[in-house]
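Peer 1: Quick mapping for you: the protein sequence lines, in order, are chains A and B.
Residues in the first sequence are numbered consecutively from 321, following my numbering.
Residues in the second sequence are numbered consecutively from 3, following my numbering.
Incorrect hints may appear among the rest.
Partial list, derived from the structure: chain A residues whose beta carbon lies under 8 Å from chain B [unchecked claim]:
1. 335
2. 371
3. 378
4. 384
5. 389
6. 402
7. 420
8. 431
9. 445
10. 449
11. 450
12. 452
13. 500
14. 506
Residues from chain B that keep clear of chain A, each with C-beta distances beyond 12 Å, as calculated [stated by the list, open to error]:
15. 39
16. 78
17. 138
Pairwise CB distance ranges, derived in the manner of DEER restraints [to be verified]:
18. 414/A with 69/B: 33 to 43 Å
19. 90/B with 499/A: 39 to 49 Å
20. 432/A with 130/B: 46 to 56 Å
21. 477/A with 90/B: 23 to 33 Å
22. 468/A with 69/B: 31 to 41 Å
23. 170/B with 425/A: 41 to 51 Å
24. 169/B with 432/A: 44 to 54 Å
25. 482/A with 130/B: 19 to 29 Å
26. 474/A with 72/B: 54 to 64 Å
27. 69/B with 411/A: 51 to 61 Å
28. 384/A with 156/B: 22 to 32 Å
29. 90/B with 415/A: 22 to 32 Å
30. 165/B with 415/A: 54 to 64 Å
31. 170/B with 393/A: 30 to 40 Å
Quick caveat, the hints were computed from the structure, so don't treat them as lab data.
Glycine included, every Cβ here is placed at the ideal spot set by N, Cα and C.
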Amino acid sequence: MSMPHDVFECGHTLEELSLYLDTGEFPDPPHLESCPECRSGLDSLRRLSAAGEELFANDLAAAGSGRDDWMKDILANLTLELRPGRSIPLHSDDPADTLSETEGSVIALVRSVADSLPGAVAGKVRLEGDVTVPGEPVAVHVDLAVLFGHPLMPRAASLRQDLATALARHTELNISAIDITVTDVIDAPREEL
Amino acid sequence: MRDQLDVVPDAILAGRAADGDTAAFESLARRYGPHMRASARRLTGSYADADDVVQEVLVQAWQQLDTLREPAAVKAWLLRLTGSRSIDLLRRRRNHASLTGPEDDQPADAVSPGAGPETAVVAGAGITSLKAALSALPEEQRRCWVLKEINGQSYDEIARTLNISPASVRGRLARARITLVREMEDWR
Numbered sequence: 321m322s323m324p325h326d327v328f329e330c331g332h333t334l335e336e337l338s339l340y341l342d343t344g345e346f347p348d349p350p351h352l353e354s355c356p357e358c359r360s361g362l363d364s365l366r367r368l369s370a371a372g373e374e375l376f377a378n379d380l381a382a383a384g385s386g387r388d389d390w391m392k393d394i395l396a397n398l399t400l401e402l403r404p405g406r407s408i409p410l411h412s413d414d415p416a417d418t419l420s421e422t423e424g425s426v427i428a429l430v431r432s433v434a435d436s437l438p439g440a441v442a443g444k445v446r447l448e449g450d451v452t453v454p455g456e457p458v459a460v461h462v463d464l465a466v467l468f469g470h471p472l473m474p475r476a477a478s479l480r481q482d483l484a485t486a487l488a489r490h491t492e493l494n495i496s497a498i499d500i501t502v503t504d505v506i507d508a509p510r511e512e513l
Numbered sequence: 003m004r005d006q007l008d009v010v011p012d013a014i015l016a017g018r019a020a021d022g023d024t025a026a027f028e029s030l031a032r033r034y035g036p037h038m039r040a041s042a043r044r045l046t047g048s049y050a051d052a053d054d055v056v057q058e059v060l061v062q063a064w065q066q067l068d069t070l071r072e073p074a075a076v077k078a079w080l081l082r083l084t085g086s087r088s089i090d091l092l093r094r095r096r097n098h099a100s101l102t103g104p105e106d107d108q109p110a111d112a113v114s115p116g117a118g119p120e121t122a123v124v125a126g127a128g129i130t131s132l133k134a135a136l137s138a139l140p141e142e143q144r145r146c147w148v149l150k151e152i153n154g155q156s157y158d159e160i161a162r163t164l165n166i167s168p169a170s171v172r173g174r175l176a177r178a179r180i181t182l183v184r185e186m187e188d189w190r
């Protein structure tokens with residue numbers, strides 16, 4: 321099959337067909353069913369698209385795995401700065417001492433408590449409220465992914481308890497609420513864990 | 003825990019990484035690094051430049067992750083950054099080349115990424131002819147095609163990356179496809 325002209329005898333163009341494949345937009349959709357030239361043009365574009373997918377699969381295989389040395393080298397060269405967040409004041413017996421902890425360290429604490437629960441993986445953690453003022457009410461929000469096969473409700477209840485205990489032990493925050501949102505249930509094959 | 007990170011959805015990893023969890027960020031990098039690398043190789047035509055691009059994008063991503071409004075869209079975001087960085091690199095390279103004189107003005111981006119260790123991967127004849135046809139395309143058309151077909155970017159996103167209008171993207175992409183279809187059909 322050859323394509324000598326960009327404009328078909330029916331007046332439509334390969335550019336229109338190219339746009340149609342990407343967006344579904346075409347001035348006269350029923351025409352595409354009946355016009356042999358347009359159908360053949362679409363077939364060609366679809367074959368090209370399939371070849372493009374094949375090329376991409378090939379390129380991706382050639383790029384190697386994210387576990388290979390090249391990625392290890394790149395990751396080793398990255399210097400990822402800490403994210404301290406807000407500064408949370410801590411009580412001190414001596415007024416001359418100014419003690420504080422970072423919001424980032426509290427978020428990391430929440431994350432590690434959630435992660436330590438079997439079958440749970442923490443996502444985004446937010447501390448809502450003015451943590452820079454002692455005694456201000458602070459609500460903790462945690463996104464949570466739960467691996468398939470682990471019961472959701474008992475997990476959430478025991479996590480809320482664990483978090484309350486850990487936050488009381490390691491911070492002076494006035495925790496007003498602990499909200500856990502299960503955003504994902506992961507159907508992970510056991511052998512991959 | 004590290005293994006569990008590899009099975010959780012993107013939004014969980016992006017949320018943790020935005021909170022400062024480096025392990026989650028590295029898991030994202032491992033997950034999409036190969037796609038970023040493949041995209042950067044096609045765009046820059048250079049293995050070394052592609053790895054530089056991936057590294058620069060990861061640095062930028064770590065700094066800007068907390069500005070990502072939709073954490074589930076982190077893959078598309080990383081690929082957009084990869085596209086922009088690759089195009090920036092090509093522009094820098096061109097400026098550098100024009101400063102050093104016309105005899106050095108070798109368009110390095112015309113180098114086919116098909117030449118190199120990649121050929122070790124057994125490629126079908128269709129892929130080989132597509133690669134050849136791609137490397138013969140005008141540069142602007144080739145960029146549009148790669149950003150669309152390899153990165154999966156929309157016309158509007160490609161327009162922003164290349165600093166041209168969406169209508170120009172539509173035209174260049176169509177012309178690229180028309181040429182590629184012809185080359186492929188000739189080969190058939």
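Peer 1: The hint says 23 to 33 Å between residue 477/A and residue 90/B; measuring C-beta to C-beta, is that right?
Peer 2: Violated, since residue 477/A and residue 90/B (Cβ atoms, about 50 Å apart) do not stay within the stated range.
Peer 1: Min Cβ distance, residue 449/A to chain B: is it shorter than 8 Å?
Peer 2: violated (17 Å)
Peer 1: With 54 to 64 Å as the target window, see if residue 165/B and residue 415/A comply at their CB atoms.
Peer 2: holds (58 Å)
Peer 1: At a threshold of 8 Å, is the proposed contact between residue 378/A and chain B supported by beta-carbon distances?
Peer 2: Result: holds, 5 Å to nearest chain B Cβ.
Peer 1: Taking the Cβ atom of residue 468/A and the Cβ atom of residue 69/B, is their distance within the range 31 to 41 Å?
Peer 2: holds (32 Å)
Peer 1: That 44 to 54 Å hint for residue 169/B and residue 432/A (C-beta), does it hold up?
Peer 2: holds (51 Å)
Peer 1: Would you settle whether the hint for residue 450/A is holds or violated, based on the nearest Cβ-Cβ distance to chain B being less than 8 Å?
Peer 2: Hint on residue 450/A: violated, closest Cβ of chain B at ~19 Å, above 8 Å.
Peer 1: Identify whether the interface hint at residue 335/A stands, where standing means a beta carbon of chain B within less than 8 Å of its own.
Peer 2: Result: holds, 4 Å to nearest chain B Cβ.
Peer 1: Is 46 to 56 Å a correct range for the gap between the Cβ atoms of residue 432/A and residue 130/B?
Peer 2: holds (51 Å)
Peer 1: Can residue 431/A be said to touch chain B, with a Cβ gap under 8 Å?
Peer 2: holds (7 Å)
Peer 1: How about residue 371/A: closest beta carbon in chain B under 8 Å, or not?
Peer 2: It holds, given that the least Cβ distance between residue 371/A and chain B is near 5 Å, below 8 Å.
Peer 1: Kindly confirm whether 51 to 61 Å is satisfied by the beta carbon distance between residue 69/B and residue 411/A.
Peer 2: With a Cβ separation near 34 Å, residue 69/B and residue 411/A fall outside 51 to 61 Å, so the hint is violated.
Hints 5, 7, 10, 11, 12, 13, 15, 21, 25, 26, 27 and 29 from the earlier list are contradicted by this structure; the remaining hints agree with it.
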